[in-house]
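Protein chains in written order, with the working numbering: chain A, 1 to 169; chain B, 1001 to 1421; chain C, 2001 to 2259.
There may be inaccurate statements among the hints.
To be verified - Straight line, CA to CA, 27 angstroms or less: simulated DSSO-like cross-link-like pairs of lysine-lysine:
1) A:67 <-> C:2042
2) A:42 <-> C:2115
3) A:167 <-> A:101
4) C:2087 <-> A:167
5) C:2111 <-> A:157
6) A:42 <-> C:2066
7) C:2249 <-> A:167
8) C:2249 <-> A:42
9) C:2249 <-> B:1228
Stated by the list, open to error - Some, not all, of what chain B presents toward chain C, calculated at C-beta under 10 angstroms:
10) 1246
11) 1263
12) 1271
These are computed hints drawn from the structure, not numbers from a lab.
We put the CB at the ideal spot given by N, CA and C, even for glycine.
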Amino acid sequence: MSEKKTNRRDFLFTATYAVGAVGVGATIWPMIDQMNPDASVKALASTEVDVSAVNPGKTITVLWRGKPVFIRRRTQDEIAEARSVKLEELKHPESDEDRAKDPEWLVMLGVCTHLGCVPLDQKGDYNGWFCPCHGSHYDTSGRIRKGPAPTNMEIPKYEFVNSNTIKIG
Amino acid sequence: MSDHQYTPESKFGKWFNDRLPLLTLANHLTDYPTPKNLNYWWTFGGILTFCLITQIVTGLVLAMHYIAHADMAFDSVEHIMRDVNYGWLIRYIHANGASMFFLAVYIHIFRSLFYGSYKAPREIIWIIGIIIYLLMMAAAFMGYVLPWGQMSFWGATVITNLFSAIPLVGEGIVTWLWGGYSVDNPTLTRFFTLHYLIPFLILGLVVLHIWALHVPGNNNPVGIDIKKPSKDTVPFHPYIVIKDGFALLMFMIVFAFFVFYTPNILGHADNYIEADPLVTPAHIVPEWYLLPFYAILRSVPDKLLGVVAMLSAIFILAALPWLDTSKIRSAVFRPLYRQFYWILVADVLILGYVGAMPAEGLYLLIARVATAYYFLHFLVILPVLGFREKTLPIPLSITEPVLGGSPNLATAKNKESSIIK
Amino acid sequence: MKNFLRIFYLFILFSGVQSNSIAAEKIEYLKTDWSFKGLFGKFDRAALQRGYQVYTEVCSSCHSMKYLSYRNLAQKGGPEFTEAQAKAIAASFEVKDGPNADGDMFTRPGKLSDKFVMPYENVKAAQAANGGAYPPDMSVLVKARGGGVDYIYSLLQGYEDPPVGVTLDDGVYYNKYMYGNKIKMSNQLSDGLVEYSDGTNATVEQMSKDVTTFLMWAAEPHLEARHQMGFKAIIYLIILTVLVYFSMKRIWSRIETEV
Chain A
1 MSEKKTNRRD
11 FLFTATYAVG
21 AVGVGATIWP
31 MIDQMNPDAS
41 VKALASTEVD
51 VSAVNPGKTI
61 TVLWRGKPVF
71 IRRRTQDEIA
81 EARSVKLEEL
91 KHPESDEDRA
101 KDPEWLVMLG
111 VCTHLGCVPL
121 DQKGDYNGWF
131 CPCHGSHYDT
141 SGRIRKGPAP
151 TNMEIPKYEF
161 VNSNTIKIG
Chain B
1001 MSDHQYTPES
1011 KFGKWFNDRL
1021 PLLTLANHLT
1031 DYPTPKNLNY
1041 WWTFGGILTF
1051 CLITQIVTGL
1061 VLAMHYIAHA
1071 DMAFDSVEHI
1081 MRDVNYGWLI
1091 RYIHANGASM
1101 FFLAVYIHIF
1111 RSLFYGSYKA
1121 PREIIWIIGI
1131 IIYLLMMAAA
1141 FMGYVLPWGQ
1151 MSFWGATVIT
1161 NLFSAIPLVG
1171 EGIVTWLWGG
1181 YSVDNPTLTR
1191 FFTLHYLIPF
1201 LILGLVVLHI
1211 WALHVPGNNN
1221 PVGIDIKKPS
1231 KDTVPFHPYI
1241 VIKDGFALLM
1251 FMIVFAFFVF
1261 YTPNILGHAD
1271 NYIEADPLVT
1281 PAHIVPEWYL
1291 LPFYAILRSV
1301 PDKLLGVVAM
1311 LSAIFILAAL
1321 PWLDTSKIRS
1331 AVFRPLYRQF
1341 YWILVADVLI
1351 LGYVGAMPAE
1361 GLYLLIARVA
1371 TAYYFLHFLV
1381 ILPVLGFREK
1391 TLPIPLSITE
1401 PVLGGSPNLA
1411 TAKNKESSII
1421 K
Chain C
2001 MKNFLRIFYL
2011 FILFSGVQSN
2021 SIAAEKIEYL
2031 KTDWSFKGLF
2041 GKFDRAALQR
2051 GYQVYTEVCS
2061 SCHSMKYLSY
2071 RNLAQKGGPE
2081 FTEAQAKAIA
2091 ASFEVKDGPN
2101 ADGDMFTRPG
2111 KLSDKFVMPY
2121 ENVKAAQAAN
2131 GGAYPPDMSV
2141 LVKARGGGVD
2151 YIYSLLQGYE
2161 DPPVGVTLDD
2171 GVYYNKYMYG
2181 NKIKMSNQLS
2191 DGLVEYSDGT
2201 NATVEQMSKD
2211 VTTFLMWAAE
2221 PHLEARHQMG
2231 FKAIIYLIIL
2241 TVLVYFSMKR
2251 IWSRIETEV
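This is chain A alone, in the form it adopts within the complex:
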């Protein structure tokens, strides 16, 4: 008799605790999610860039999601240099063909993969980019060649809307 009573009591208390915990969890979630990107930020996820004025050998930098995007119209030399590198030599093996669908245009996030600084254009030992913060060298395809950065600079999702316009995101 008394044992039965104990069980029932335990069940009641366990159920109360369990239901209470669910409520606490459900209450905390909005307080956490409010710090995620809001609807207006998400809506700005894509941006269109007019590249008609960019000549070979020039880079423009545009802002996308608050970060710089390098759009470089590469010279034939740069393309040749980028494509001649053997994948085995790379810290983060990616072929230039994969990184630049149209070999003339390199579109990448201008953010060093080490700790997020913006690398300098046409600097460093590989004729590409050089990050002044901690000395990472990138080649003409934006791949990491020397220094502390672990991976190549990221290629965002982009497409040519027409021959003059690139849509990033």
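Keeping the supplied structure of chain A fixed, place chains B and C upon it in accordance with the hints.
Chains B and C in isolation, oriented as in the chain A frame:
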């Protein structure tokens, strides 16, 4: 305090507790002997703690998205309502939470008035409570300014202008408060800063309020001193915790109803119009919880005296432990006081009602009578009542329905028990 | 428990008094059934889409809606145009952007992320074009008026000839639901003014209802989510309250005191 010496069981617990007696504190809080006859009116202390925490948490979140600038405040509030994830929920909880906070604090105060909880030895608890209440009003007022709607702007203008009633330095003080020649951006940013600060001051005072409470222990519906711990008390945990929890949940159901189904009913439509220094709304009213004081302010035809009357109405409460001369705490044993108590409740409700109405004709007359009665209650009725009232016999203990005979006898017993302590 | 119920009644009374005191100041508005009222209230999608049409074709020439973006038109709980429709709507507006590389402002077709295009550059321009009266921004208009949707709905249908003895200045019109009865907006709606694509008969009453529904959504875009979450939250709280109540009874049964 009469707590027994507490020693943690584990070795680490003992090591830690010797250096920082947090476990002793936790043990004191869980074992805290509480009168077992507390009714549901006593659950509002816990409910108020919940309200304060809710306001602080939701307020922190809102401050992450709000922009305290006259040009952007209104826009940023709309941004919170539309785009921020769950922003509408958090803002509606914060806005209605203020009203729920005041609802709970009024019940808490009137509970204290009914059961004489402000009387010796609990005067300090009571006075800290009054300071908390004042800070709550300041926080609520400044919080209402932040959305920078029409009521925000004109409410801020009217309330800050109260200070201009001070002779000689009034105008200077108002300009200083504004940081300009009208309510404007500097006013908004400083109000935001203070609105952010005050809740933490309140939190500190709440700790003192509870600390001061734990020295003599809770009053109770019978209003007599009890030995603790004894068969008249129960440990705070689990008995009071679960009871407070139950009451809190009922409170939350009402709260949720406001937040989810009528989130704007306690606000004023004009506050969804962006502040315009050129146009005053047809009908300026403060939030409902300030209406009784607003009625007192308007019932006095003189500017300075009106402000004085309004402030006195609050500060007079701090003197209450000495204005009430009766030795008996609980209104249960004071048949006359009980009637005057309910008249006071009605008086304050009437003041609140006329505060929402235009200050003219019959409303003004009623406001004046009610204001006069408010002061009469505290300054004349209470002091006289203590000497004249024939009180009922009070019991010796809350568990045994033994009547202790005359009040004097019971008072003697109270004295005795305090000596033993 | 008895005391407790007393407190609970006080709450109910309190909320009742609040709404009564607000209702006391109001005149009788025209009544209609709003689908978004009540515990499970939702917007009527078709009405929202029609209401948007009335807003763009009639109201938007004077009234801005500066807090709405074209993306909101495709958002859940709103008119729920398809993404493609919303994009097409956005693209049909010329949006001012810039400065470009030369430092000049330029116009381009609207995008989903753009805010609704404003009819006037600023408040002063709006006043200048409307005889000194600023046509209020409509984003939160429903919440900024005491009578809410009923007021807007009535106002749109409240134009009539002024009673004898009331003289009106130029550019001022008589409306029986307007505060003070004098309004600077002329009667905008007439039967058949817009042609609804879903074939609904565009009477003044129908257009008033549709556009008011649209304004309600504009002011409270998360109303549906709020109602749904509210119902769940309250059911949850009731369940937990019952559990806590029985737990409390059980705990207090250890001592001989009624709780």
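Quiz item: Given the hinted pair residue 2249 (chain C) and residue 167 (chain A), is their alpha-carbon gap at most 27 angstroms?
Solution: Answer violated: residue 2249 (chain C) to residue 167 (chain A) is near 65 angstroms, above 27 angstroms.
Quiz item: Holds or violated: residue 1271 (chain B) as interface residue toward chain C, Cβ cutoff 10 angstroms?
Solution: holds (8 angstroms)
Quiz item: If you draw a straight line from the CA of residue 42 (chain A) to the CA of residue 2115 (chain C), is it 27 angstroms or shorter?
Solution: OK: residue 42 (chain A) and residue 2115 (chain C) at ~14 angstroms, within 27 angstroms.
Quiz prompt | Satisfaction of hint between residue 2066 (chain C) and residue 42 (chain A), Cα-Cα up to 27 angstroms | solution = holds (19 angstroms)
Quiz prompt | Holds or violated: residue 167 (chain A) to residue 101 (chain A), with C-alpha atoms at most 27 angstroms apart | solution = holds (14 angstroms)
Quiz item: Is the Cα-Cα distance between residue 2087 (chain C) and residue 167 (chain A) 27 angstroms or less?
Solution: Measuring from Cα to Cα gives roughly 16 angstroms; hence the hint holds.
Self-check item: 27 angstroms Cα cutoff - pair residue 2249 (chain C), residue 1228 (chain B)
Solution: Cα-Cα ~23 angstroms, so holds.
Quiz item: Under the criterion that the straight-line Cα-Cα distance not exceed 27 angstroms, is the pair residue 67 (chain A), residue 2042 (chain C) satisfied?
Solution: Not satisfied, since the Cα-Cα distance of roughly 40 angstroms exceeds 27 angstroms.
Quiz item: Would the pair residue 2111 (chain C) and residue 157 (chain A) pass a check requiring their Cα atoms to be no farther apart than 27 angstroms?
Solution: holds (19 angstroms)
Quiz item: Once the shortest beta carbon distance from residue 1263 (chain B) to chain C is found, is it less than 10 angstroms?
Solution: holds (8 angstroms)
Quiz item: If you draw a straight line from the CA of residue 2249 (chain C) to the CA of residue 42 (chain A), is it 27 angstroms or shorter?
Solution: violated (50 angstroms)
Quiz item: Against chain C, with CB atoms and a cut of 10 angstroms, does the hint on residue 1246 (chain B) hold up?
Solution: holds (5 angstroms)
The structure is inconsistent with the numbered hints 1, 7 and 8, although it conforms to all the rest.
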